[in-house]
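S.K.: Could you put the whole structure together from the sequences, leaning on the hints where they help?
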Amino acid sequence: MSFLKKIFWIARNTFTEAARQKFFSFLVLLGGGLMCVSLSLTHFDFGDSELKFIADFGFGGIFLFGSVLSVVTSVQLFFTEIENRTALTMLAKPVRRGEFLFGKFLGVWLLLGVFVVLMCGVLAAVLAWRAGTVAEIAMARGLPMPVLNFDGIAVFAVFQWVRLGIVAAMTIAVASFAQTYLYAVVVSFVALLIGQLQYVLADFASEGKSQIWTKTLAEAATKFIPNLQLFNVGEALVLAPDGLSCGAIWSALAYGMIWIAALVFIGLWFFRSREI
Amino acid sequence: MKSTNSEKENKIPAIEIENLTKDFRVGMRGVKLRAVDNVSFSVNSGEIFGLLGPNGSGKSTTLKIILGLLRPTSGECRIFGKKSSDISVRSRIGFLPEAPYFYGYLTGRELVKYYARMSGVPSQKIEDATEDALALTGMTAAAARRVKTYSKGMLQRIGVAQAVVHNPDLVILDEPTAGIDPIGSAEIGDAIRVMKSRGKTVVLCSHLLGQIEELCDRVAIMNRGKLAVAGTLDEVLTQRDKQLAVIGPGTPLTPELCAELRERYGIYIEDVSQPRISLEKYFLKNLKK
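Going down the list, the sequences are from chains V and L. The opening residue of the first sequence carries number 1 in my numbering; numbering runs sequentially from there. The opening residue of the second sequence carries number 1001 in my numbering; numbering runs sequentially from there.
Simulated from the structure, these hints should not be mistaken for laboratory data. Remember, it's a predicted structure, so these values are computed and weren't measured experimentally. The beta-carbon is built from N, C-alpha and C at its ideal position, and this holds for glycine as well. Be a bit skeptical, because a hint or two may be false.
If the Cβ cut is set under 7 Å, some of the chain V residues that face chain L in the computed set are [unchecked claim]:
hint, residue
1, 13
2, 84
3, 85
4, 86
5, 88
6, 91
7, 275
To spell it out: a stretch of chain V is covered by chain L in this simulated footprint if at least three of its residues, at any positions, have a beta carbon under 8 Å from a beta carbon of chain L; those stretches are [as the list claims (entries may be wrong)]:
hint, segment
8, 17-29
9, 94-100
Pair by pair, the computed Cβ-Cβ distance ranges are [what the hints assert, rightly or not]:
hint, chain 1, residue 1, chain 2, residue 2, range
10, L, 1274, V, 274, 53 to 61 Å
11, L, 1074, V, 180, 24 to 32 Å
12, V, 182, L, 1034, 27 to 35 Å
13, V, 245, L, 1083, 52 to 60 Å
14, L, 1128, V, 8, 16 to 24 Å
15, V, 274, L, 1054, 25 to 33 Å
16, L, 1088, V, 223, 38 to 46 Å
17, L, 1128, V, 223, 52 to 60 Å
18, L, 1026, V, 214, 33 to 41 Å
19, L, 1179, V, 269, 34 to 42 Å
20, L, 1074, V, 216, 37 to 45 Å
M.R.: Okay, here's the thing in structure tokens:
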């Protein structure tokens, strides 16, 4: 059996196991439900910024619930398997640790892909439904027509999938050496938070007033933790008339893929020497 | 030609362990903890071998080294003549860890099929291999149910099924009857006997010494990381300096008679009691359907 087949079956099993859990369905329903609820806020009459409000609500929901799903599922399906000896039954078969870890990551990433597609589908439907009404109002009042780029939502979905892939790879890297479930979850969320504050940390590192050690710490955080803010491009992709250049899109996606590969290899490096 | 190869194969021990030592580093200061200390023994092909010892005696560490999941600090471990770290040898091993947790959202049949794929069973043989393993462990009727609905006994049996689905030559079972009632335990015992009849080598770790005694050809007992004793049950258990006579009914072995036997014939009777069957045998005889 080739290693690709083994990775495929591990990924497929991981995906099946995760997709059948209530936690996944709960987050999908919660995220989708909240996006639909954002429609009921329209009676506040946000005017032409109403679509932006709904879109921001959706972007935030996708990242928040996606991150929770990414961290919890990665720890659940990787670390817990090591803890409760399920991994022993797998690794006692002719399965290499790299195949096991990579299959686990791909299974989680596939689940995150399904999550992102479902969420972006709901967001697109909500935006499309509301954009018609807003356009009618804008026409009646002689205001500029709202901009809504549906292709941009598809690109945004890919961006979020890559971003959540980084979070999952980061969590698996942490879980590969973590000794407790709580440690794996907390450290992963802290890393996620640092990833979301990269521009703030970069400013902090370049400020002259900061102390040496805090500057060094901020600099290290910007170098060794991926910049997740790079993927906050929903507004530019969906609501801006010009969108993003192809170069910017491809370079951000390449950045994400390089980080994913690096984090998976770091995880593998720790996992290979881990005594289970 | 084939039979010659098979004969040669049978002469190669299933497991050979030589001077095996394993140290762990524990705590922040990396204090050395010796879990296995210079252990040597071998397991012959086709036998049922019991690996015994109290908790913390080094059994599980030894098993993990056999499975290639841990690297020994020193010494060697070979499986059918190959180093245990060689990944190819794992396709000849089936393993059930102690108190395993399986994928609860899969059905029993899906689970066993998944392990068959991971073990390299060809896709056209997966269905048959899965059904064989389920039948051997008596899990066919419950195979369509999700694993999370299984009782502890069923979990152990589905665990045995995943261990044997690829028809391994060596089956390692770590506490296969832990937490199971005597009937379920006896069924697992029957499955082990079937494995032996099919020419498999079985290594059994268990605290149920009665079952070990009933099933195993040879045993090794570990204590504090060291091998205390290894050999056949006869070699280990027989008290060569004493004899046992079963006396039929109607012969009153009174103290006076014992004294007379000693005086007249030099027969020294140490203890007189009535034989009784074990509780396990009584349970199986009276409660098994």
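S.K.: Which of the listed hints are not met by the structure?
M.R.: Every hint satisfied by this model.
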